[in-house]
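Protein sequences, first through last, are from chains A and B. Numbering-wise (the numbering used here), the first sequence opens with residue 2 and increments by one. Numbering-wise (the numbering used here), the second sequence opens with residue 8 and increments by one.
Bear in mind the hints are in silico, worked out from the structure with no lab data behind them. Hints are supplied without guarantee of correctness; some may be wrong.
As the list claims (entries may be wrong) - Computed footprint of chain B on chain A; a stretch qualifies when at least three of its residues, placed anywhere within it, have a C-beta under 8 Å from a C-beta of chain B:
id : region
1  : 137 to 145
2  : 205 to 212
To be verified - Taking CB as the label site, the calculated pair distances span:
id : chain 1 : residue 1 : chain 2 : residue 2 : range
3  : B       : Ala-258   : A       : Arg-251   : 39 to 49 Å
4  : A       : Asp-269   : B       : Gln-109   : 37 to 47 Å
5  : B       : Arg-12    : A       : Ala-158   : 50 to 60 Å
6  : A       : Arg-55    : B       : Arg-254   : 41 to 51 Å
7  : A       : Leu-91    : B       : Val-81    : 57 to 67 Å
8  : A       : Arg-251   : B       : Val-162   : 32 to 42 Å
9  : A       : Leu-196   : B       : Arg-166   : 30 to 40 Å
10 : B       : Thr-249   : A       : Leu-196   : 13 to 23 Å
11 : B       : Glu-163   : A       : Ala-60    : 26 to 36 Å
12 : A       : Ala-262   : B       : Arg-254   : 38 to 48 Å
13 : B       : Arg-12    : A       : Asp-133   : 25 to 35 Å
14 : A       : Asp-133   : B       : Val-162   : 15 to 25 Å
15 : A       : Ala-161   : B       : Arg-12    : 41 to 51 Å
16 : B       : Thr-249   : A       : Ala-161   : 13 to 23 Å
In this text, a Cβ means the ideal position worked out from N, Cα and C, and glycines have one as well.
Residues per chain are reported as follows:
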Amino acid sequence: MIAFALRRHDAPAPSLRRKAAARASSRPLRPPPSPGRAGLSVALRGLGKAFGGRPVLDALDLDIRAGEFVAVVGRSGCGKSTLLRLILGLEAPTTGTAAVDGAGPRRIMFQEPRLLPWASVVDNVAVGLGPDVARAERRARAGAALAAVGLADKAGAWPATLSGGQRQRVALARALVSGPGLLALDEPLGALDALTRIEMQDMIEGLWRDQGFTALLVTHDVAEAVALADRILVVEDGRIALDLPVPVARPRRRGDAALAALEGRILDHLLGRAPQAA
Amino acid sequence: MSEARTRALARLTPWLLPLGVVAVWQAAGAAGLIPGQIMPTPAEVAEAGWRLGRTGELWTNLGVSFLRALAGLVVGGGIGFALGLANGLSRTADLATNTTVQMIRNVPHLSLIPLVILWFGIGEEAKLFLVALGVFFPIYANTHHGIRSVDPQLVEMGRVYGMSRWTLFHRVVLPGALPSIFVGLRYALGIMWLTLIVAETISASSGLGYMAMQAREFMLVDVVVLAIAIYALLGKAADALTRSLERRCLAWNPAYA
């Protein structure tokens, strides 16, 4: 585990180097070269969803800019996962519209890795390419995506032989291999141990900065939201109760005072406490 | 202890008990503890096998039985697999046929022998029908169950990632159902031999069961026991074949690798 953690620490460096190279020339082994930021923008108008007559989301209006990293936090059952599923088109809204604008596929990473146990790691990643990519190209692109999450050496392994964190990294590679315009993350790190979770957060942030997709992270971990997002939405009783920017420059350091203050403010709100003087 | 030796021992161990039983049996028979008309010694059974093997009678009957078993398995297993898939995948098909299948399943298929003899006489159709009916149910039930118990989260993942219905079926649903389908196949193989032997014993003019019944007529106990021993070996062979298929097809599963 320690060796693993040490190895992960120098991972952002090659990805940043690749970013610089990508600016200078065309990207090797990357999905169709995209000029600058290629994220999707999202516009919700009067969006509502009810299950069996019980409203879960109520007349939401929301705009998410292309390339923005938005975190959605809230108590269990507040409707934050439903919001994500509506934006992805996995569920139909009861009222209103969810419009997603721009090029590139929409991808989701679930709380569970949801890998096919009978397919090798590289074949699992290739699932993310969809049906229209030729066989030889699938392998190459899936291999490149695996390398981006630091698992190039596991390409031929069965998912059952990987650790929980490694499986979630394969799921991340699968979500990103197609060069998505929108990546939805539905509490993807909830089941990981604390250290692995921080490593995964750094990896997601690095890949987001590198690839420029719009990221939508649903989480119950306020610290995680504060560390990663440009903007935090607090959902309560089917409405957006708070919409807070996170004006802290990246790379962010864990334990930063401004982040801690913001985290405290959101937690106070969620727990229904009066905000304390800073 | 070296790994090779451990492995060799692991291969040998399962055979110690049957070999021991045969050895004790031989010794008891040779010492006159078991009367020859009741139970021949293993050496006498082997000799009967040698004798029938030389005349070709054994191979003919073995071949006939094997072909019947195979044909019944292919027909009954094929229909069971197809219907299991259909009912596992489609609610409508399930509603329309599952209740009927479950009702028929509760009729012991060997109780149909008198009816089958009336229908088909003692021809090949009778054996094929009974074996096919016997293997149908375990393959049907386990295919159905396997498809129904595929992880819905994986199916959702496949949908979200834009898999077509066919891709979803052959990349997610079928592999997920495969362990259960193999369980069905192993049950079916057992029922296949059982049904065939009973059918051949009661109504046949060739095959292993017929050979055993003929031997009874002439009080050839050694041939009767030979037939029984061959069933045991055939059952073991069928089981070994499924196991090796499982190891090949389910290599991803730590429970089989």
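Structure-based check of all given hints:
| no. | hint | in the structure |
| --- | --- | --- |
| 1 | 137 to 145 | violated (count 0) |
| 2 | 205 to 212 | violated (count 0) |
| 3 | B:Ala-258 with A:Arg-251: 39 to 49 Å | holds, 44 Å |
| 4 | A:Asp-269 with B:Gln-109: 37 to 47 Å | violated, 59 Å |
| 5 | B:Arg-12 with A:Ala-158: 50 to 60 Å | violated, 29 Å |
| 6 | A:Arg-55 with B:Arg-254: 41 to 51 Å | holds, 50 Å |
| 7 | A:Leu-91 with B:Val-81: 57 to 67 Å | violated, 42 Å |
| 8 | A:Arg-251 with B:Val-162: 32 to 42 Å | holds, 37 Å |
| 9 | A:Leu-196 with B:Arg-166: 30 to 40 Å | holds, 33 Å |
| 10 | B:Thr-249 with A:Leu-196: 13 to 23 Å | violated, 44 Å |
| 11 | B:Glu-163 with A:Ala-60: 26 to 36 Å | holds, 27 Å |
| 12 | A:Ala-262 with B:Arg-254: 38 to 48 Å | violated, 58 Å |
| 13 | B:Arg-12 with A:Asp-133: 25 to 35 Å | violated, 54 Å |
| 14 | A:Asp-133 with B:Val-162: 15 to 25 Å | holds, 21 Å |
| 15 | A:Ala-161 with B:Arg-12: 41 to 51 Å | violated, 29 Å |
| 16 | B:Thr-249 with A:Ala-161: 13 to 23 Å | holds, 22 Å |
Violated hints, in rising order: 1, 2, 4, 5, 7, 10, 12, 13 and 15; the structure is consistent with all others.
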